[in-house]
Amino acid sequence: MSLIVLGLAGCGDDGSGDSGGGSESTSTATGGQGGQGGAGAATTGAGAGPGSSTTTGVTSTSSGEPGSTTATTTTAATTGTGGGGSVSCGYPAAYENGSITFYTLDMGSTEVNCSYQITGRNPDIVAHVPFAGGQYFAAMNTQDYDAAGMCGACVEVSRDDGRKVQAMVVDQCPIATNPKCVRGHIDLSKNAFLQIGAEREGYLGTTNGGAAGKISWKYIPCPTTAPVTFRLKDPTNRYWNEIIVEGHAHPIEKVEVEINGTWQTAMRQSYNYFVVGDGNMGSPPYHVRATDINGSAVEAMLDLKAGDQPAGAQLPACN
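Going by the numbering used here, the first residue of the sequence shown is number 1, and it counts up by one from there.
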């Protein structure tokens, strides 16, 4: 039976900016019906300071604090399927007035909200993260998380003293339970945070509520050259399934499945899996196509089996 996890991920904190211990959140699950239903992840975010909180079944669309840089999407060029030369990057705008906190998976995370696999704890490691052997990852604030639209995006975070760190978005930091998680805020894994700040500092970004340091950040291509991979949610069920895309150089905009000769667009879930209609994609193998934020696409034929299944290529570079 599939599980439907109702909790959303994120960093719970009281917004005080005190340094010290982090917060925790939990996931809430109920049984699926007839083999349907998706598994969402619920993680915790830490942020520096006491005052943990959890969230269940809540999606926030808070606009964040006044003065935050508004992210806007640019028009991207469209290319053919996989590989090829570079195209224009269609990334959201950079934040000059951002903020960061940190969290660890032991603060309550059973999964990350983007549904990537946790492969290690202490140190915390998430699959497909291309930085520091999977240790430098991030929980994005609710607004910039964009209902899982930024799952797998890579960011470069800079401090005004010149220190920088790169990380991949694998999680959500929910404004519904954490007042720090305004637009422009990122909850970094602890080891990523320590590259540009001390544990005692806890909450950085003076122009976005932090107690010290000025923080800016921007989206960057993920430094991966291996093929994009796909994974089925239920590797034994030929009548219902969902698909996750992993290991992509740029955020994924759309997933399609060819059913009876027609490409059908899948609906992205808040936990980053894609489902077509009622989840019945016909008989395997499944012909799937993923299109990134730049308009480039890769395709693959998926067997009904567990584990990563590679596409024929990585997505093209962008500039």
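Derived from the structure by calculation, the hints contain no laboratory data.
Quick reminder that beta carbons are idealized off the backbone N, C-alpha and C, glycines included.
Worth double-checking, as some hints may not be accurate.
Think about it this way: if two alpha-carbon atoms lie no more than 27 Å apart in a straight line, the pair counts; the simulated BS3-like pairs of lysine-lysine are [claimed, not checked]:
hint: 1; residue 1: Lys190; residue 2: Lys254
hint: 2; residue 1: Lys190; residue 2: Lys214
hint: 3; residue 1: Lys214; residue 2: Lys254
hint: 4; residue 1: Lys218; residue 2: Lys254
hint: 5; residue 1: Lys164; residue 2: Lys218
Computed Cβ-Cβ distance ranges for the label pairs, DEER-style [said to hold, decoys possible]:
hint: 6; residue 1: Arg163; residue 2: Ile259; range: 24 to 32 Å
hint: 7; residue 1: Thr206; residue 2: Thr236; range: 48 to 56 Å
hint: 8; residue 1: Pro284; residue 2: Gln117; range: 20 to 28 Å
hint: 9; residue 1: Asp308; residue 2: Asn280; range: 16 to 24 Å
hint: 10; residue 1: Leu194; residue 2: Gln264; range: 29 to 37 Å
hint: 11; residue 1: Glu96; residue 2: Asn260; range: 25 to 33 Å
hint: 12; residue 1: Arg238; residue 2: Glu156; range: 17 to 25 Å
hint: 13; residue 1: Asp160; residue 2: Thr225; range: 46 to 54 Å
hint: 14; residue 1: Glu199; residue 2: Gly282; range: 30 to 38 Å
hint: 15; residue 1: Gly120; residue 2: Asp278; range: 31 to 39 Å
hint: 16; residue 1: Ser88; residue 2: Glu156; range: 32 to 40 Å
hint: 17; residue 1: Gly282; residue 2: Gly307; range: 19 to 27 Å
* List in ascending order the numbers of the hints, as given earlier, that are violated by the structure. => 1, 3, 6, 10, 11, 12, 13, 14 and 16
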